[in-house]
Amino acid sequence: MKRYMNTLYRGSAVIALAATMTACTDSFLEQDPLSFYEPTTTYSTEEGLKAALTMCDKQLKTYILDGNWNNVGLSTNYYLSDVGMYAKTDMGGGFQDNFDAKLTPTSGMSTGGDGNYMQRFWNEGFNAVKYANSVLSYVDKVEGLDEAVKNAYKGRAYFHRAYAYYNLTLQFGDIPLITRLMTVPKQNYKSTDKEAIFQMLVHDLEFAVQYVPSQQKMTYLGMVNQEACMHLLVKCYLVAGEYAKAEAVATDLINNHGLKLMTSTFGVWQPSGNEATWKVTRNVVWDLHRTPNICHSENKELIMPIINSNEQNFTTYNIMRANFVHWSNSVIRDPHGLAGPGSNYARNNSNYNAELDWVRVAGRGIALNRTSFHYNKTIWTYDGEMDWQDLRHNREVGNWMEMEDFKLLVSAKNNQCLEMSVLSDSRCLGHVESLFQG
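In mature numbering (1 follows the signal peptide of the UniProt record, and there is no 0), the protein residues as written are -18 to -1, 1 to 420.
Since the hints were made in silico from the structure, they are not lab data. Be careful, since some hints might not be right.
Claimed, not checked - Under the rule of at most 30 angstroms between Cα atoms (straight-line distance), these lysine-lysine pairs were calculated in the DSSO-like manner:
hint, residue 1, residue 2
1, 40, 242
2, 123, 70
3, 84, 168
4, 199, 242
5, 136, 84
6, 227, 261
7, 242, 261
8, 227, 43
9, 43, 70
10, 84, 123
11, 43, 282
12, 136, 217
13, 217, 176
14, 242, 136
15, 199, 176
16, 32, 282
17, 217, 40
18, 112, 217
19, 112, 132
20, 359, 84
21, 168, 32
22, 217, 282
23, 172, 217
24, 112, 123
25, 112, 84
26, 32, 136
27, 217, 227
Said to hold, decoys possible - Label-pair ranges, simulated between beta-carbon atoms:
hint, residue 1, residue 2, range
28, 279, 185, 50 to 60 angstroms
29, 27, 335, 56 to 66 angstroms
30, 359, 132, 37 to 47 angstroms
31, 386, 277, 32 to 42 angstroms
32, 27, 108, 53 to 63 angstroms
33, 203, 355, 24 to 34 angstroms
34, 64, 234, 28 to 38 angstroms
By construction, the Cβ of each residue, glycine as well, lies at the ideal position given by its N, Cα and C atoms.
With the hints as constraints, model all of the structure from the sequences given.
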């Protein structure tokens, strides 16, 4: 019996092995991915292309914005301009005192926290390139698309790739040029001269201008339109030194696409965060920077908006937090040694004072950015005199605030607000608050 069972086991093993060897054919290993995301399946339909293009649209904002309330990405661009410099002293992201030594891949170029976000620009910039290349790699393989629709997809993808490379090259200089979707690991990247990159961008955007429809012929706001392609083409022409072409396209854009500068108030009136604290007289610059007015039908300055006004975006735009000083603690004091602790009160607190509600007017900042003397004073000087008539720099209507305008304390003796020089600089509130609300 024992010998019989051994023979049976050996026979079964031989049969199983033979069956296994027979089943291991190439056809058995081939996959038919019908129920999960795989590029050749996902991008085989127009719906798949729309999904890829949606990621491109989203990348326009995630390039500089994320879920971090501090908005370091947007502020980092300011650090590298004549607007200002990094102001925090308790972080390792400052590099203004020695660019050569400190602005390196390992010098606080983080993707989170309160340091600079140079690494985020690199990562998210090439993510945008990847998403655009996904559309370009598969659009010709989608059956049933007529040439006009197909070229519109290509044109929008060219815009997104050009926008990413426009920013990346101006931030980092010569960088790798990637024009197709990477399907295998690659480590031997080489940089391409930015002049050659801009030649390609010009070529691609000329195609986009030809085939992407005008906003006047589109149903939705927020998608790439012909006007946006023209505007980016103008910027690339300027970088490439094609000044006559830049002027011609810009003139066409201004004169023939329903655009014009707004010269009077329009849309929805939104006062300051608290009119009792800081009064704003309605004016066109203020209206231009109110969130409801950006996409308002009366706003003829709008070329293309980046939609970021609902809870599903997972990005924040609290620019007042990033760029104002942390004024609501006891560290900053006025010339008399008086501090302002507890001015950041809730409205239902017995200590709340509507005339000192600076949180809703100017935000409670963390001092990432300190604006420069050039931004605060020089650019507003005309013939040796300070120009207060420019609406962008007008204290009378409430668009601009000098640090002496910021008052924190109320004197118990005469119930008068005491001036405190607590701001590190002057601010254009029409710009700052609108960015916060957007």
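- Message: Could you work out which of the previously given hints the structure breaks and list their numbers from low to high?
- Response: 2, 5, 6, 10, 15, 28, 30, 32, 33
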